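S.K.: Chains as they are written, first to last, in the working numbering: chain R, 696 to 948; chain F, 2 to 336.
Fair warning: there could be bad hints in the mix.
[What the hints assert, rightly or not] Computed from the model, here is a short list of chain R residues facing chain F with C-beta under 10 Å:
# : residue
1 : Arg759
2 : Ser844
3 : Asp845
4 : His846
5 : Arg848
6 : Gln851
7 : Gly854
8 : His864
9 : Ile941
Hints in this document: simulated from the structure, not taken from any laboratory.
None of these values were measured; they are calculated from a predicted model.
Every residue gets a Cβ at the ideal spot worked out from N, C-alpha and C, and that includes glycine.
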Amino acid sequence: MQQYFRWAGNALTGDLGVSFRSGETVTSQIAERLPATLTLAVAALVVALVIALPLGMLSALHPRSFVDRIATVVSQIGISVPDFWLSIMLILLFAGTLGWLPSGGYVPLTEDPLAWLQRLVLPAVATGVVSGSVITRFVRSSMLEALGSDHVRTAQAKGLPTRQVLGWHVLRNALLPLVTVTGVQLAYLLSGVVVVEIVFSWPGLGQLALQAVRDRDFPVLQGAVLLFALVFLVINLLVDLLYSRIDPRISRR
Amino acid sequence: MSAPVLEVEDLRVRLRTPRGTAHVVNGLDYTVGPGETVAVVGESGSGKSVSVLALMGLLPSGSATVTGRALLQGEDLLAMSPDRLRRVRGPGMGMVFQDPMTSLNPVLTVGRQLVEGIRAHQRVSKQAARARAVELLAEVGLPDPARAVDRYPHELSGGMRQRVMIAIALSNSPALLVADEATTALDVTVQAQIIDLVERLQSEHGTGVIWITHDLGVVAGIADRVLVMYGGRCVEDGTVDDVLDRPRHPYTRGLLGALPDLAEPLADGSRRDLATIPGVPPPPTDLPPGCVFWPRCPVRGDARCETEQPPLTVVGSGSAALPHRAATWCGEDSR
Numbered sequence: 696m697q698q699y700f701r702w703a704g705n706a707l708t709g710d711l712g713v714s715f716r717s718g719e720t721v722t723s724q725i726a727e728r729l730p731a732t733l734t735l736a737v738a739a740l741v742v743a744l745v746i747a748l749p750l751g752m753l754s755a756l757h758p759r760s761f762v763d764r765i766a767t768v769v770s771q772i773g774i775s776v777p778d779f780w781l782s783i784m785l786i787l788l789f790a791g792t793l794g795w796l797p798s799g800g801y802v803p804l805t806e807d808p809l810a811w812l813q814r815l816v817l818p819a820v821a822t823g824v825v826s827g828s829v830i831t832r833f834v835r836s837s838m839l840e841a842l843g844s845d846h847v848r849t850a851q852a853k854g855l856p857t858r859q860v861l862g863w864h865v866l867r868n869a870l871l872p873l874v875t876v877t878g879v880q881l882a883y884l885l886s887g888v889v890v891v892e893i894v895f896s897w898p899g900l901g902q903l904a905l906q907a908v909r910d911r912d913f914p915v916l917q918g919a920v921l922l923f924a925l926v927f928l929v930i931n932l933l934v935d936l937l938y939s940r941i942d943p944r945i946s947r948r
Numbered sequence: 002m003s004a005p006v007l008e009v010e011d012l013r014v015r016l017r018t019p020r021g022t023a024h025v026v027n028g029l030d031y032t033v034g035p036g037e038t039v040a041v042v043g044e045s046g047s048g049k050s051v052s053v054l055a056l057m058g059l060l061p062s063g064s065a066t067v068t069g070r071a072l073l074q075g076e077d078l079l080a081m082s083p084d085r086l087r088r089v090r091g092p093g094m095g096m097v098f099q100d101p102m103t104s105l106n107p108v109l110t111v112g113r114q115l116v117e118g119i120r121a122h123q124r125v126s127k128q129a130a131r132a133r134a135v136e137l138l139a140e141v142g143l144p145d146p147a148r149a150v151d152r153y154p155h156e157l158s159g160g161m162r163q164r165v166m167i168a169i170a171l172s173n174s175p176a177l178l179v180a181d182e183a184t185t186a187l188d189v190t191v192q193a194q195i196i197d198l199v200e201r202l203q204s205e206h207g208t209g210v211i212w213i214t215h216d217l218g219v220v221a222g223i224a225d226r227v228l229v230m231y232g233g234r235c236v237e238d239g240t241v242d243d244v245l246d247r248p249r250h251p252y253t254r255g256l257l258g259a260l261p262d263l264a265e266p267l268a269d270g271s272r273r274d275l276a277t278i279p280g281v282p283p284p285p286t287d288l289p290p291g292c293v294f295w296p297r298c299p300v301r302g303d304a305r306c307e308t309e310q311p312p313l314t315v316v317g318s319g320s321a322a323l324p325h326r327a328a329t330w331c332g333e334d335s336r
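Only chain F is shown next, with the shape it has when bound in the complex (with noise of 0.2 Å):
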């Protein structure tokens, strides 16, 4: 495997919050590979966001605390000079954010943002920035280009400023693309368009991509890799084929359990009703001592769940370049 396009290690968040310390992001540790694609999981509050925000350097800094270490293409993302960071964000790393109809500032065209965000990093006249825009624009398949950079987001629709947003995310080739519910807020046809247009693009450019979301359909669909987060932890990661068809954690077991199985009624006709994982998750500011998900677990098969946490470890297949790796005291069989 050539070298990883993205190496976090133990990266540590926490926020001053007017409750106390909340410990949202609590020692995380992945790699990305060009052309992989990892997607984090979990439920709102796990800690994803949070993640990714703190790496591009974009948590408010008066009450954010990060650390660890983030090497992008072997650069420490979390040691850089302000100045330096904003060097690379753009051609080092792009984002694409949740919500497509407040990203995009509404009083200028979409040209300019796109323009403003290549000159920002390319030395390249207005006219040849535009004609880039045009292209970026056609690539990412917005209809009539050369029309398009002269609107306004509020005068296209979801989908189209989504894909806006992922161009100007792509317009400086960065070497990782960080996609947060980037599919989210759109409906499932044009949900679907995004993930075509993000898998052809990553493709063809070779980029790394980071895609947070709650929804496990997507993850099948466009993952190579699962990072599964609760409690600000990761519980479980490895191939998707290894998370969502061998879960090992009871609370990977829970989210899958809660997926809506709409191809089988029961027998009289009626639906069994969704399975829920009972409870909240803990709150940042007041984290079990032992396993995170051991207030909600509905296992709790070892004496050390309530007070000891548990490590990340191997379990079961996978190979040593991609291994299965869970953070629960709970057994093999143990379901």
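Looking at chain R on its own, in the form it has when it is part of the complex (with noise of 0.2 Å):
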């Protein structure tokens, strides 16, 4: 009990002890991960929004057409297929058979661009699929009540060009639940690429959490526990913040 105050006070000034086994401190462990696992997450979720998008909006626009049905099987596939199975595909595809990708590792952005690059495509696909087949269900059904609301109806019977409605009066109004989606997504990609970590050897949070869990080094393990439920509230509350920005309703009181 004692010794957990102890480590509470501190880890509000931002020491959270010394790892057991290399001996340096937890933070700046931890620092020394965190960008390799930000920029996995960020590409992920730029994976996730690049398939999401489209392709939920296409299925809104035609709906029971036939890129609806494909856009909701695939989507279906993406949500049921392990993320490690993928990435174990993905590495046997584009590593092994065609050899044009690197099947893992980390290389700073600094130091080699293309190389970098290169090691990331892979994990952030196998990360963003997952993200991005439950971000398209829900860009495809939010699309769909926004295009059946009364305003939009008002809309065109004002006149307005097609464009025009579908931009500011059907996606305007969609991207509102959306943003939600897709902050509980960033958060969840933030502490859930564990496995897609250590699949594709990627020195981030996840690989430092599991190695840590080997070790019974339960200082580091702490603190990454740690931060990724601070990942989790500082998200919730960025969303939160986006949300009286974009929706008048709730800002101004």
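Both chains come to you apart, so use the hints to assemble them.
M.R.: Written as structure tokens, this is what we have:
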């Protein structure tokens, strides 16, 4: 008990203790790993949005069409497939059979941008596909809801050009719930890339945490868990703040 | 009489539904003259709203089939290209919808929603459109219009929002204004204000108005002519006096009989029970072969009622320009 309060007190000042194994401070170890994980999570989110936005919008604009059915099947597969399996398949295909990309590792952007990108693509796709599938579903349903709303009919009755109706009236309103989902997905990506990091030997926080478990290096593990929790809180806070910027019903009291 | 603003001929709307084809509107004919108000009445599901949404081209294109002719100032709305139709929405016809709480975009200011409507049809600068928006808001009686333009819909009351909707509908001075249950969601005093407003604007601009409602009190107050719809057909039309005072169709009589009579309590102080029309309207997927009202009709005075569809024919008084017509086999005296 006393030990916990001492740790918590120190944590508030940024001192998370010292690793049993390496003797380095936990803070410095985490700080060293954080950029890699951030890079991967953001890249995965970009992949997810690049997949989800066009696919979700197309499905919503042509419900029950061929595109919509394909999108539904693909996103269902995307949600169901475990990311480690997808990672292995991607490695087998692109690193093994085709030999286009390296199978793993990490090179800082500052050293060699091309090598950095080459090593980023596969893990980003592997993690992004799952999130992308989830977000596709949300884009589709919130677009459909916005398309059917009364104020969109008003916009059409005003004789606005279709592009303006879709951009300002459908998309703008469909984006509101999407911000929440994307925030949750980013938090999930930041803390949930553990498995993919290991498959691609990506030196991020997930790997650090797993290593700490193996070594019974609990100060490091504790630090990593604390950070994941913090990430969730911060992102949720950001989402709420963003909401008050984009939805006038919330900001003005 | 000058050239009509709108001439509808044999308008039919079919909708594909999971339960089969729904014949929602089955052959409507009517005209709206400049400065004239035509009320379309009928209960829910009688095809009132669908018939005007069809004119505006606002029905889902995938599942709706619209046939017939609808000449707006001589030009057929139903034969227009989508782009031409878009240009007509606004300057040709404006529409006010039933629910002012959901018909405005919640995340855009009132001013923006007016300005984009103006600028979609008129080549004016943003500043000029904004100035026009303030004028319009003043015209529809919004207090402090200069500040109201920067408000969001949720900051306004229902009546105020409906005024904004009217301002939007009128922003391009349409020849025809369609009010689809525009006062149904409002309380009675606000309803009266909105009706006054529309009547005033109408007399100033000479706009033709289609007023869709199920409130016969509103009809008596606002309309020049009435069109009673049932089962997607016009069962009776004519001037307000003809239809409301000398109804000929059993359905119209039923509707009028169902009005609550607040003035006269019975001798013992109690009030008589509200008269109703028993039963429900026929499903548009399965309309009766004869008179659409036959299954609920208390009269059924003719052998043809069940099997043969009565045509809309001139009955009783009414001038040649403003005939009183009813689609019924019932004779003059069959009450």
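S.K.: Decide, hint by hint, whether the structure agrees.
M.R.: Status of each hint after checking the structure:
{"no.": "1", "hint": "Arg759", "in the structure": "holds (9 Å)"}
{"no.": "2", "hint": "Ser844", "in the structure": "holds (7 Å)"}
{"no.": "3", "hint": "Asp845", "in the structure": "holds (4 Å)"}
{"no.": "4", "hint": "His846", "in the structure": "holds (4 Å)"}
{"no.": "5", "hint": "Arg848", "in the structure": "holds (6 Å)"}
{"no.": "6", "hint": "Gln851", "in the structure": "holds (6 Å)"}
{"no.": "7", "hint": "Gly854", "in the structure": "holds (4 Å)"}
{"no.": "8", "hint": "His864", "in the structure": "holds (6 Å)"}
{"no.": "9", "hint": "Ile941", "in the structure": "holds (7 Å)"}
Going down the numbered hints, you'll see the structure goes against none, and every one checks out.
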